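Peer 1: Throw the hints in and build the complete structure from the sequences for me.
Residue numbers (our numbering): 1 to 465.
Keep in mind that the hints are not guaranteed to be accurate.
[As the list claims (entries may be wrong)] Quick list of in silico lysine-lysine cross-link-like pairs, BS3-like style, CA-CA up to 27 Å:
no., residue 1, residue 2
1, Lys104, Lys24
2, Lys7, Lys186
3, Lys420, Lys434
4, Lys44, Lys364
No lab work stands behind these hints: they were computed from the structure.
Predicted, not measured: the structure shown is a model, and the values here were computed from it.
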Amino acid sequence: MTDTNEKICFVIAPIGEPESDTRKRSDQVLQHIIRPAVETCGNKAVPADEIDEPGIITNQIIRHVVYDPLVIADLTGQNANVFYELAIRHAFRRPLVQIIDKVKDIPFDLSAMRTIQVDHQNPDSVEEAKTKIREQIQSLAANPSSLENPISAALSDGFGSNRLDEIMPRAQDYPLSTEAAVERLKRYIDEPQHRIRLSDLIDNTVEQVVEVTSGEAFSVSGPEPTTESLTERVRGYEEACSTLLAMAITGGYWAEEGHYPVWQRALERLGSTPLGGSSNFWPELQRYPATLLLYALGLGAVEAGRLRFLGRMLASTLRRGHREDVSAVEKLPPFLLFSYGPRQMHILEGMDKSHVPLNDWMHKTLRPHAERIIPDANRYTLVFDKLEILVALGYAHHKGNWSEPHRATLGAFRYRYENKDRILQEIRESLSTKRDESLFVTCGIFGETADDCKQGLADLEQFIR
1 MTDTNEKICF VIAPIGEPES DTRKRSDQVL QHIIRPAVET CGNKAVPADE IDEPGIITNQ
61 IIRHVVYDPL VIADLTGQNA NVFYELAIRH AFRRPLVQII DKVKDIPFDL SAMRTIQVDH
121 QNPDSVEEAK TKIREQIQSL AANPSSLENP ISAALSDGFG SNRLDEIMPR AQDYPLSTEA
181 AVERLKRYID EPQHRIRLSD LIDNTVEQVV EVTSGEAFSV SGPEPTTESL TERVRGYEEA
241 CSTLLAMAIT GGYWAEEGHY PVWQRALERL GSTPLGGSSN FWPELQRYPA TLLLYALGLG
301 AVEAGRLRFL GRMLASTLRR GHREDVSAVE KLPPFLLFSY GPRQMHILEG MDKSHVPLND
361 WMHKTLRPHA ERIIPDANRY TLVFDKLEIL VALGYAHHKG NWSEPHRATL GAFRYRYENK
421 DRILQEIRES LSTKRDESLF VTCGIFGETA DDCKQGLADL EQFIR
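Peer 2: Put into structure tokens, the structure is as follows:
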């Protein structure tokens with residue numbers, strides 16, 4: 001089955017019978033023009049005859065046409081199936097590149113759209129077509145909402161909104177691939193008029209996580225964890241959250257004040273899971289998706305310097321039934337997830353020698369999701385460590401004292417000395433030179449004044465010497 005996490009470029013093209021001229025031409029255009037062009041942009045070209053999933057072929061084609069992040073349509077021959085599938089893609093106004101044979105006329109209804117003309121038998125034309133395809137893909141990636149087509153243009157209200165969104169079934173009501181969800185998130189973030197759809201997209205994705213993780217496979221009753229059972233459970237949570245985590249890193253990176261409430265609501269929904277069961281461990285592990293979400297949002301926010309957003313996320317309120325409510329920073333960090341500390345997480349596969357097993361595990365787990373925003377591995381580790389230092393500072397600030405310093409300082413940064421020293425020096429210099437205007441003060445994570453923050457930083461440094 002096609003991996004939904006791959007950047008698929010679905011190819012709409014006339015196929016024809018085996019050995020027919022139509023089939024030969026389509027295969028040559030795919031091999032020599034489309035496939036090399038999209039691969040240089042990080043996509044994988046998949047025509048209808050290469051779909052490797054079992055099921056009804058027409059259903060599969062339509063799902064690819066609607067949900068894949070990119071489609072290339074070959075209009076040559078005015079094939080009825082091609083135009084049917086093209087109309088569906090137009091209706092959803094999703095990224096699309098059109099091509100046609102140079103000797104063919106572009107149909108009147110499509111003449112206003114940019115259509116790349118190709119001659120697959122002319123080497124110069126082949127190279128020119130590949131260049132133009134790459135340019136259009138890159139343009140669409142930078143601004144997915146820029147694409148107009150006859151349907152969207154006809155239904156536009158003239159003010160940047162599109163009545164098509166009201167007419168078509170809202171695609172966020174359906175499970176999306178990770179790539180499709182992230183692309184939709186970016187489009188909604190970029191256009192303020194889509195704030196309700198942004199909220200619905202995030203809320204629906206969170207509810208999908210809740211639905212999956214409420215099943216029997218995630219029962220809070222059962223025997224004490226083993227390496228096998230714990231590793232399987234943790235990976236199950238991560239798989240259930242995979243789309244949400246990819247969205248969260250992007251969402252944290254681009255977060256603006258209007259986005260804060262919906263992400264807080266997501267954290268509170270996942271982190272306020274009612275506890276119950278035969279032991280403390282399995283019920284408390286139910287909050288692991290919220291821990292992943294907090295770190296995913298935090299990684300994006302730290303990389304973008306949006307520390308005010310991070311501060312709001314750390315201050316999110318978690319409901320605990322009949323017990324007192326707590327802030328996210330007091331319950332969701334890996335070193336605080338369990339009432340008796342993270343000792344049992346040492347039995348996670350490969351973590352038996354780690355000083356901070358869940359922190360190290362999450363550092364590895366979140367890496368693939370963060371590659372969109374932080375492609376460099378060393379930079380990623382630095383951002384991860386900076387996030388954990390800010391979380392530790394935020395925890396102590398919310399507690400009001402350092403009575404439990406050993407818990408607040410449990411982070412992988414403690415043994416990555418170069419990163420730790422670099423981050424602490426950055427914070428120290430910012431507080432000294434910018435005082436109350438420092439980003440580390442205005443974010444409210446660990447103090448309201450530069451002096452408050454300096455004291456918190458000094459306390460942290462004292463405990464991690």
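Peer 1: Are the hints correct? Go through all of them and say.
Peer 2: Results for each hint:
| no. | hint | result |
| --- | --- | --- |
| 1 | Lys104 / Lys24 | holds (17 Å) |
| 2 | Lys7 / Lys186 | holds (15 Å) |
| 3 | Lys420 / Lys434 | holds (21 Å) |
| 4 | Lys44 / Lys364 | holds (25 Å) |
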